[in-house]
Amino acid sequence: MTDLHGAIDAVWKLESAKIIAGLTRLVRDVGLAEELAQDALVAAMEQWPASGVPDNPGAWLMTIARRRAVDHIRRAQRQERAHEQIAHDLRRDGHAGPQDEHGEYEEQDEQDEHDEQDDTLRLMFLSCHPVLPAQARVALTLKLLGGLSAAEIARAFLVTEQTIARRVAEAKRTLSEHRVRFELPGREHTAERLSSVLDVIYLIFNEGYAAASGDDLMRPGLCLEALRLGHMLAGLAPHEAEVHGLVALMEIQASRTAARTGPSGEPIRLHEQNRGRWDQLRIRRGFTAMLRAREAGGTPGPYVLQAAIAVCHAQARTAEDTDWARIATLYQALARLMPTPIVRLNQAVAVSMAQGPQAGLELVEALTADPSLRDYHLLPSVRGDMLLRLGRHDEARLEFQRAASLAANAAERAFLLRRVDEIAAEEPAGATLGQAVRDFLGRRDLDPQTLRSYGQTLRRLCRSLGEATPLARVTAEQVTRVVTAAWGRAAVKTWNRHLSALRSFSAWAGLEDLTAQLQRRPDTPATAEPIGPARLDLLWSRADLPLRERTLWRLLHESGAPVSAVLSLNVEDIDLDDRRARAGRTWVTWRSQTALLLPALIAGRTRGPLFLSDRRPGPARTPADGDLCPHTGRRRLSYERAEYLFKQATRHLDPSGNGYTLRRLKPRDVPPGELDDAVRA
Amino acid sequence: MRYLMTTISTETTPAPDERLYAEMGAFIEEMTAKGILLATGGLEPGGVRVTSQGDEITVMDGPFTEAKEAVAGFALVEVRSKEEMIELARRFRKIVGDGVSEIRQVFGP
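Sequence order for the protein chains is A and B. In case it helps, this note's numbering puts the first sequence at residues 4 to 684. In case it helps, this note's numbering puts the second sequence at residues -1 to 107.
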């Protein structure tokens, strides 16, 4: 037997979905099912070298795995339900099995086959369940239904094998934590759940078709996996139009694989592709799937509409023959179902082809304010195309430059830069935005923190408007658009900080105020609402609080003094009898609870910081003398550490789950600052 | 990757019967549904041979006596690996009985 490993792997990939699905129905736990299936695979590797590959390797694996499952259930001696299942399976298993020479595998009647199909469909719904994050759905689907190993999935997605293994393990845990059942969704949820499955498959396809990052434009292996999954699903749910729509869409897109990249890997746009290199076999399969979708009927969903658009392109013998009016209509329908910015961008392209670039440009302009598109390279690229067709060459050139700077894929970036070069350059008038920003940030009269903050703002401006934009052409309207898209929903402080940066830049560059159309937002001081008494009682009643923490928190609560003042207290300043201590120019006072704890905390020390860190400082970090305890050599407890510990300890009390800040230990009745005044010496 | 599998009948190849048609039909259906089988068909025994030599092109009707073992059918298949192709060929041969299948990777389109 040559390359038995390869043969076993091939069998596994063809059969794993069916096997894992059948086992999951038996043991009701997809993680366990996969383990049992893997056990069967190990058995195959042990036995097949001697016995040869059996006649029906899939059935062989299934029989072994099912035996193990039954053993497992029997060993676990679980609920009655499981016993019934055992009885059923023993009946089904009969006496045939891999141990018998030339053994017969159980003949399956039609009912079983039907069950098997439903099991695979259930498994698809399970691995694409909405409780899972999208990435987990993808990994789990490729693993369980595609039979891919973690290493293979990792390679396709350019991540480490551990990442995929972790994603799969977490996904299985999530499924069991949420007690997701191995069942077909009820009628009222079918459409929603099915669309989740379709989305996962299309995500896999797109990851292969339009590799988002890296240097290869396509990873065809993933396209093939997605096509397989799509066909599998179409076989399992033949009456769902959307499934056939997805298959049609993927087939037709995949038909252009050979034509959509040039010799050095650069993308070739649809209308420039050599249609002779489109794979007619795939196109025909796409058309067939489209016919099935029509037969299934119903209102066309998003995948059927997208497939219909793909069909329009595939039917056109030349780019000029393309029925753009129909495509624009289809996009209009699609935009009603999925008003995503990407769909609307495509709609704009179709409209520009059907009605001219001006009409398209108007649709595109509406999208430039959309935050989700702010770093999407195709937006400036499409806009550049339309500007070019309108004869606005210098603007077009800037857009392509910006698109190139946003593109993550090396081949696409090179392509966009070539488009920049193709447009005859007009001399830029004066300094560019990029140069001005660099000069501004190179100033020496600002402190590093301010520069860092300004840099954030201005780099975003450059990314959004393009570094090569002449400074004189930057308008308040453009800045308004950028700022609103980028930080419209940011916190008040963030918003105001960016406005200040832009105002400072405008003044420095001698421009009119670029923030003229933007309003500063009123800054409400951060309120530190004191923690309520009930929650505090819970905190005090905890027995596991270390003495230092208990004392610090009691002291903060009873004194109402600023946290930094309390942390700065030294042992020599403590007046235990009068229950007060000097902190700089103010006094910190306390009451009975702190008074009970303090002597134990001081524990005979005569001077040095009252609150000490847990460890001695490392040799490289020698704190100031005043922050070092002469008795223990330990450092003063830092604000950060104290804050962290309090947050950790109060995480369960805080409804937001973040934990409280120390400032919130202030007593209810004393407004911040007032107490300080009252006790001022 | 795509493979073309051609099937050659030999002297011991059994004549097709009901069972073969049924099993083969189910197999083709399954493979098509999985998106694996792209195209398949049987081939007429004789055919026409077109030969070019120099400027001359000759057209000759079959059957061709020198070909004892004629190609009887083909399948164009899309798979992940050569091993997967071999596994499919193995299943196919189980159904048709004696004979030979040849597998070659298809480059292009």
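Hints are computed from structural coordinates only; laboratory data are not their basis. Some clues are possibly wrong.
Here are some chain B residues pointing at chain A (derived, C-beta under 8 Å) [said to hold, decoys possible]:
{"id": "1", "residue": "33"}
{"id": "2", "residue": "47"}
{"id": "3", "residue": "48"}
{"id": "4", "residue": "82"}
Glycine included, every Cβ here is placed at the ideal spot set by N, Cα and C.
Results of checking the hints against the structure:
no. : hint : result
1   : 33   : 3 Å, holds
2   : 47   : 26 Å, violated
3   : 48   : 23 Å, violated
4   : 82   : 4 Å, holds
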